[in-house]
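Chains as they are written, first to last, in the working numbering: chain A, 1 to 111; chain B, 1 to 474; chain C, 1 to 146.
Worth double-checking, as some hints may not be accurate.
Below, computed lysine-lysine pairings styled on BS3-like, alpha-carbon distance capped at 25 Å [claimed, not checked]: (1) C:K145 to B:K346; (2) B:K427 to C:K63; (3) C:K57 to B:K346; (4) C:K145 to B:K189; (5) B:K269 to C:K57; (6) B:K346 to C:K31.
Calculated directly from the structure, the hints in this document are not laboratory data.
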Amino acid sequence: MTKPILTLTEAAAIHVKTLLEGRGKPSCGIRIGLRSKGCSGLSYTLEFADEAGPYDEVIDVHDIKVLIDPKAVMFIMGSEMDFVEDKLTSGFVFNNPNAKGMCGCGESFHV
Amino acid sequence: MPIQLVEPGQTSELHNPKKGVVVGIDLGTTHSVVAYVPNKIPKVIGPLIPSTLSLEEKGFCVGGISSPERLSSTKRLMGQNIQLKVGSHTLTPVEVASHILSYISDRVEKNLGAPLEAAVITVPAYFDEAARVATKQAAALAGIKVLRLINEPTAAALAYGLETGAEGLYAIYDFGGGTFDLSLLKLQKGVFQVLATGGDLALGGDDIDEALAKYLNTMNVREIKENLSQLETYEGVTRKDLEAIARPFVQKTIDITARVFKDAGLNPKDIQGGVLVGGMTRMPLVRQEVEAFFGKAPLCNIDPDRAVALGAALSAHGLVNGSDTLLLDVTPLSLGLEIRGELVEKIIPRNTPLPALASSEFTTQEDGQGGMVIHVVQGEREFVQDCRSLARFELKGLPPLPAGMARVRVDFAVDVEGLLTVSAIEKTTGLSQHVEVRPSSGLDDKTLADILLESQKYGRQDMEKRLWAENHKH
Amino acid sequence: MFDPYEALGLEKTFNIDLNALEQAYFAAQRKVHPDQFALADEQKKLQASLQATLVNKAYVLLKNPLDRATHLLEARGVSLLTHDPEFLPKVIEWHERTEAGEDITSELAREEAALLQELTQALEHHQNERATKALYRLNYVQKVKK
């Protein structure tokens with residue numbers, strides 16, 4: 001039985017769909033990637049996807065096509081993508097059970 | 001800090017402007033090798049990498065050979081649920097392999113200035129289901145997309161065939177650090193067809209090293225062994241001493257070779273020659289025995305250490321760019337079911353061409369029996385206890401029927417990588433009910449997965465579609 | 001019913017040129033082998049796997065003369081023989097002689113060759129009863145050989 005790679009909260013799904021609609025050009029979906037940054041090593045990236053890269057993992061969540069860079073797959077496994085907003089900032093966050101350490105700035109994690 | 005959804009390319013530092021590279025990786029017991037195909041000719045990227053992992057100040061270090069506290073030759077442990085100790089850390093064999101793969105990934109990026117996008121990774125032909133899945137897990141951990149796994153002798157044959165243009169029947173005799181594989185192939189323009197294969201996962205240079213170390217009562221035997229390939233004596237040890245130690249192991253390889261020929265219905269004289277792959281084939285005794293068996297000198301015109309990686313690179317290149325080459329492989333081990341408590345009924349015999357599908361029907365023993373246990377094993381023996389347990393699951397939720405009325409069909413599908421998917425359908429009352437299980441390896445062999453037959457959820461959907469869809473969702 | 005001849009585009013005869021069979025097999029696999037669809041979507045990959053499986057099944061079946069004969073007879077709606085009392089004394093004799101330590105391999109080989117001839121002719125002339133008998137005996141001889 002395979003564990004879902006990624007889940008989306010209602011809030012995240014709604015915001016993604018709104019942003020996709022407001023983008024102004026056809027999209028394949030969204031693409032999650034990984035990059036090194038910050039004190040603790042890695043952080044996620046989120047982009048509109050024009051088309052799936054040949055090696056991307058493709059999943060369908062809440063009728064949204066989510067493409068995941070192979071480098072990110074194992075790290076993101078079992079994560080939940082959420083949308084948060086407070087007085088100062090708003091945006092997407094990943095609640096990642098794999099992340100063993102979060103650095104103080106909350107920007108990056110290491111596994 | 002929350003992340004914003006931006007246009008492609010807006011994320012700084014994310015996209016490497018250079019297109020990624022597709023490679024072939026030989027994850028060997030003693031050495032790992034990575035190769036790619038820049039201009040139709042496969043090339044190795046950098047030197048051979050010792051398949052070792054040690055703990056240094058800066059963290060895990062791959063390829064070191066000096067640290068006494070290092071993990072090495074963990075390949076034959078793939079698929080086993082054990083913890084290996086290095087320093088104060090414990091790792092599973094999958095994690096060790098993933099570190100080696102990460103190292104390879106970094107090397108590719110450093111050497112070629114482009115990220116490693118995807119790879120074909122090789123496994124011994126005789127690797128079972130658990131070890132194959134473990135290899136894929138290690139790749140996932142390292143962030144490497146696996147195009148597919150291919151068998152080491154087949155990869156070597158690909159390198160050999162494409163380089164020499166050879167046609168006809170060939171044997172690939174692959175004797176490495178930890179494992180031995182023998183594959184018989186038919187090479188024809190653009191076709192590489194495996195006729196039969198066999199091997200031993202616990203038969204390699206390491207075993208000979210161990211025996212030699214016991215005999216000489218010393219640890220540093222590899223150097224002695226290697227030098228005796230060129231010299232008659234080295235550090236007080238003669239080649240004859242070494243051969244006496246090595247002989248029983250080499251004989252085992254010849255016995256396995258004979259069995260594979262029998263499986264294929266062929267005689268040694270029917271083939272063009274034996275192609276030598278793997279470091280152990282440098283030993284003069286090995287060459288002598290191979291020559292004696294085949295009745296002709298073995299073929300050594302490919303690099304025994306690099307052939308597998310070169311073949312894997314060719315395969316990777318072909319998968320991504322399209323190719324005229326057809327690779328037809330077989331399953332190395334018979335797949336069976338436990339019946340009557342201890343016997344094995346073979347469902348897919350060894351050397352069946354892949355992909356393959358076989359079905360078996362079961363019924364209930366008692367009135368109103370609500371479930372049944374299905375135990376899938378891999379191996380050639382008659383008794384369950386002598387085979388490798390792959391998956392044991394209990395089908396629940398059978399419709400209440402008198403004994404012998406239920407019709408449970410279990411389908412076994414093995415794909416081109418040698419990976420198995422099991423699926424079951426209960427077909428009474430005309431309603432299609434089915435469930436699937438993917439053997440989860442790297443975990444406890446005896447894990448019982450309780451699967452509930454769900455009637456409405458899958459409806460009349462084609463069972464095969466579900467089977468293969470799950471099979472390909474990593 | 002699964003038709004291996006159709007799967008490989010071959011004429012439905014018992015006598016098959018093994019080289020032609022192989023070439024047809026390779027040609028069929030070239031079109032459907034999963035490796036050709038390594039980067040395709042799941043649906044295409046699934047289709048490819050299923051078709052390649054059937055092509056393999058066809059090849060393995062047609063390569064074995066007894067399986068080939070069995071298929072041809074079943075396709076004609078002929079039921080296969082389940083026992084042959086006339087043949088039994090011979091089988092018993094073989095068992096006895098083997099137990100007595102005699103090597104009957106060459107005799108079995110001759111018997112096999114003769115039966116194969118018999119089967120071929122019977123199938124060609126659509127003499128179904130004759131064919132099922134020859135097939136049954138051939139299966140038995142193979143078992144005895146093991």
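* Which hints, by number, does the structure contradict? -> Hints 2, 4, 5 and 6 not satisfied by this model.
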